Every structure is written in C-alpha cells, then in structure tokens.
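Trainee: With the hints as your guide, set chain W with the ligand onto chain D.
One line per chain: the protein sequences are D and W, in this order.
Using the numbering used here, you'd call the opening residue of the first sequence number 147 and step up by one each time.
Using the numbering used here, you'd call the opening residue of the second sequence number 243 and step up by one each time.
Read the hints as simulated data drawn from the structure, not as lab findings.
Mixed in with the good hints, there may be bad ones.
Said to hold, decoys possible - So the derived label-pair ranges between C-beta atoms look like this:
(1) D/E298 - W/H272: 30 to 40 Å
(2) D/P165 - W/R284: 52 to 62 Å
(3) D/D324 - W/D332: 24 to 34 Å
These numbers were taken from a predicted model, which means no experiment stands behind them.
Even glycine gets a Cβ: it sits at the ideal position worked out from N, Cα and C.
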Amino acid sequence: MPLPTPSQTVGPFYGYALPFPGGGDLVPAGHPDAVTLHGRVLDGAGDPLPDALLETWQAAPDGGLAGRPGSLRRDPVTGGFAGRRGTDFTGFGRVATDADGHWEIRTLPPPARAPYLAVCLFARGLTHHLFTRAYLGVPAGEVASDEVAAGEVAAGDAVFAAVPADRRDTLLARAVADGRTYRFDIRIQEGPRGEKETVFLDFLAARPAAG
Amino acid sequence: MTTTAPDPAASTTTHGPAASTATHEQATAHEQAAATALPTQRRISAEIAAAHEAAGRDPVRSPHPPRDFAPYRSSALRHPRLPPVRVPADPEAAELYGPVFGRTDVTDLDADLTRQHTGEPLGERITVAGRVLDRAGRPVAGQLVEIWQANASGRYAHQRDQHPAPLDPHFTGVGRCLTDRQGAYRFTTVKPGAYPWRNHENAWRPAHIHFSLFGTAFTQRLVTQMYFPGDPLFPYDPILQSVTDPAARERLVATYDHGLSTPEWSLGYRWDIVLDGPAATLPDPEEDR
Ligand SMILES: [Fe+2]
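Next comes chain D alone, as it looks inside the complex (with noise of 0.2 Å):
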C-alpha cells in the first residue's frame, strides 16, 4: 500500500486562493429552514485567531450523505463564483475567520438523529488541520443544562459518547434565543483563564498496518 502524503500547514496567504465569495452560504438568504452558525477561534493567549479557515461538512436534513457539487459553481462568461444553485444542498462550506477571529455560515440543519457539522480547521501555525464537531441538537429552553444536553446527544451519537463527559460542553454549538442562530467557539488551547481546549477527533488511529 502506498504511504501517506504528510500535512503541511495552510499558512498565512491561502485567503486568495481558498476562501470564495458564498463559501458559507449553504443556503439562499431568507430561506425558511435556514440556520445560522456562528463564533469565534481562539489561542492558548485567548487571543482570536484572523487567518483561521473553517470548512464543514453535513449530511442533508433528510440524512444523506452523497453531497451534490456546485459550491464553488462558476460563471462561465466572467469565470468568477456564481454561488450555489437555490436547489442543490452541497453539504459543504468553506469561512475564514475575520481580523476578530470570527466566522458564519448560513445552512440547513442537520438530521435530528445526527445532528452534528463535521468541522475541519486549519491555520497558520497549525501543522496538520484538526477535526471537531458542533452539535446542534439543543433547541433553546428545551433542556435544563448543558449536562441533560450532552446526555441527550451521547445516547445517540456513538463518537460523541466516546468523548470524556467533562469535556462534551465544547462541542454543544449553543442556541440563541430565536433557535435559529448557534454559537460555537473553537479554542485550540486551553484559555489562559481556564476556559477548555475544544475537542479534536482524531480519525486516522484506525491506521492500517504497513506493509
């Protein structure tokens, strides 16, 4: 079998060349069912990261997972981005984060029964993208604490329950008040106040053996 191309970090002048104009727009502004996610990511100094980019990767409301193409559609005439076509859910959006670190996208939810964005994370400084996920399975007012949360989302979710109880609050994107917008920060060291390091997924330890 042939061995692996290692990770090289993204560096800092990909913003030319990766981000494009609706990356996070998954979805046609005003759409019904649309919902937005949105935070910030943080270093070890709590300091916010402004050459952050974020991709992230869902299944469809109804639980697909093959994706369509057409996220980076293009205008033949003009060759710029022609955004997303109103009828194709891709599953895929690709934000950088702004001089606060912050960043948004605009999709669908996820199916109740994984109600989770697969997000992928790479930055200058960081050598090997990292994976977590944010959970949107926590409608505003409907549970009494994160805990009840997190145990609600562990009954069902096989890798969310493989995380350490003590630390599933970082992958809970919260809800605002109107239930349609999520807040999930990213911290990628633990705060200098205490605040938790985010949890990584690590899915390559199912190595095959060499050979």
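Mentor: For chain W with the ligand alone, kept in the frame of chain D given last:
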C-alpha cells in the same frame, strides 16, 4: 479567478528597506511580543535536530507533522495540549463521506496559471502533474485539487505579503482542477521563488506550491506543500522539517520528469499524492491486518 484574486498591479505597496522589516504575516499581539528578538537559524536548526531525534525514538511514527513543533514558532499557541479523542469506528459518521465537486465548480482556464491575465507571467514555465490516490492505492477520481503559490520572485498576490520583491501583473498564483478517472491532475504555472519570513533571523521558505485535496471522505482532507528537488533551503526550513520522518519528508518533494517536459515550452515535475484516512468506500482497516 476574477472575483477573488486581487489585481497585483493595483497594489499600492511601497518597496524599499522599510518594507523588509514589515510584518510578513498577521501576527497576534502575543506573537509580536514574543518575536521582538528573533531566534537565530543556529538555534532553530538545533531545535529541529532535537525534535527529529526525539521523534526517531518513538516506535509509532506518523507521516504527519506533530502539531506541537517548537521550531515553527507560530505553532506554540496554536496546537491542542490534550491528545485528540480517538473516534470509534462508526459507519454512520458523516466524516466517512465528503463534499463532491463537478464540472460547474471549475473552468478550463483554472488549471493554467499562465493564462489568467492579459499577458504572460515572468518566470520559468513548468508543468506539475501527478495522481491522487487513497491509502489503498486506488485513484481518487473527479475530486477537487486546488493550488496557490508565490510568483517567480517569491511574492504572493496577498495584501499581507510585504516581501519587497516585485508583484507580477500577469500572475495571481491560484489554480484548480478536477482529477480524471485515473486520479490524474495537471497544472501549467511558473516556478515559484523562495521567500523570507519572520519565524527566525534569516528565515527563508524553500520554493513550494500549496496544495489542497479532497478524497471521497472528509477524513481524507489534505492541505500540504509540494517542494522542488535539490533545494538547498530544505534543512533550514522548520515547516518542511516539521515532518519528522525523513522518508515522509521525501514524499513532499516532486521529481523532475523529462518526459513531462514539453519541448520548447515547459519543464515537467511529477508529484503523486496519497490521502490518509478511512472512508466509507475503503475496506475496513481491521480486515486488512
Ligand atoms: Fe507559501
């Protein structure tokens, strides 16, 4: 590229000695404080040697760089201190599937970085081609390959790149293509120049092209850099050297391929890429053992 690429010719950046001390990257306040006295190359090289020696003693050797790699100073506050949570085999995991792309996502011009402006860019014209495979050795077909790079002088068409080397009005340095049924990709571009950065005193990046790749699963996502054979800057560069396994580092270096060179037109470099990570379409690794 017209909607995302800044027009290099429109930059108002001034050149000269002052620019050489400008911030080459957007450092955070804490990073700036830490960087007031830059470490010497000698110190960074010693740290690289020590990190490689320590990694060599580890019986489980990853092909990927450790995220905590002190010689690359920006990693200090940007690596998790806790180990990642090992994910149990879950055939339902969304990450075993991934985004798909198609012919609406690229245009024919995207793969030729020398034809995106009204004139020809300066520099040595090259063809970069290879195949994208999964870790079972099967071609990754119909997937998106994205590249970005500095121009022949070592300058990016990026506002925060203040290296006092000339911008090229005929070169942006962004390319995209889809792999074919054999997993093959191909770009025409110019050879990028080496460029300085402020990781340490007299720090220079060897010439490289940034690559972004997708497999059939999100777990196979890869962002990496391709290097050119024989570059004397390799041992000094903490980014290349963040890959502690020498054999794995070799896999980041393209091969000059005379058969890929086009007579009286361009020089050919071949670079094959192998994506790591499980996928819904891959055989269960447990069954391979
Ligand atoms: Fe670079």
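Trainee: Now tell me if each hint is right for this structure.
Mentor: Here is what the structure says about each hint:
In this structure, D/E298 and W/H272 meet the distance hint of 30 to 40 Å, their C-beta atoms being roughly 38 Å apart. Between D/P165 and W/R284 the Cβ separation comes to about 38 Å, which falls outside the hinted range of 52 to 62 Å. Judged by the Cβ atoms, the range 24 to 34 Å given for D/D324 and W/D332 holds: they are separated by roughly 32 Å.
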